[in-house]
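Participant: Sequence:
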Amino acid sequence: MPENTLSAARTDPAKLNLIGLAGRDLEEFFDGLDERPYRARQLLGWLYQRDVLDFGQMTDISLKLRKRLELIASLSLPDVIREEGSVDGTRKWLLDVGSGQAVETVFIPEPGRSTLCISSQAGCAMDCSFCATGKQGFNRNLTAAEILGQVLIA
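Residues in the sequence shown are numbered from 0 upward in steps of one, following numbering that gives the first Met the number 0.
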């Protein structure tokens, strides 16, 4: 995969990223649009059960509401800067979390189970020799959207 540079602005700041919002917060969001609370459950189902990040594909949501969501909200994941894989199935992603910062996410398959290593901070004070995130030093805690984004990408 080609290596990208870190982007300064990953999404439209005027749009609310719905990834990372708790169910209650999504219900309040839809209530503010004069929609019923079940819309939050529909959206969560599309995101976390069907892996759909495009409002246009959420066919049990009215076309009118899908178009409105496209105008005011986003379903934004961190940009993948680099992706690597090894013969044992281990996969590693370097992800852009904005402001010149990146985090590393690693999927490690094992017999009978798998491990997913995600970052909860941009940078880390531990400075582990095997981890790109630790090379930055600690910068900030990640948002819920940035943490969930790692899981969705992996």
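It should be emphasised that the hints constitute simulated quantities derived from the structure, not laboratory data. Nothing here was measured: the structure is a model prediction, and the numbers come from that model. Think of the CB as a built atom: it goes at the ideal place given N, C-alpha and C, for glycine as much as any other residue. Some hints here could point you the wrong way.
Cβ-Cβ distance ranges computed for the label pairs, FRET-style [unchecked claim]:
id, residue 1, residue 2, range
1, Arg139, Lys14, 18 to 28 angstroms
2, Leu32, Ala143, 15 to 25 angstroms
3, Asp59, Ala124, 39 to 49 angstroms
4, Gln48, Lys134, 34 to 44 angstroms
5, Asp126, Asp24, 33 to 43 angstroms
6, Lys14, Ser128, 33 to 43 angstroms
7, Ala124, Glu69, 32 to 42 angstroms
Within a straight-line C-alpha distance of at most 16 angstroms, the following computed EDC-like cross-link-like pairs (lysine to aspartate or glutamate) qualify [unchecked claim]:
id, residue 1, residue 2
8, Lys63, Asp33
9, Lys63, Asp24
10, Lys63, Asp53
11, Lys14, Asp59
Participant: Run through the hints listed earlier and report the numbers of any the structure violates, in increasing order.
Facilitator: Per hint list: 9, 11 violated.
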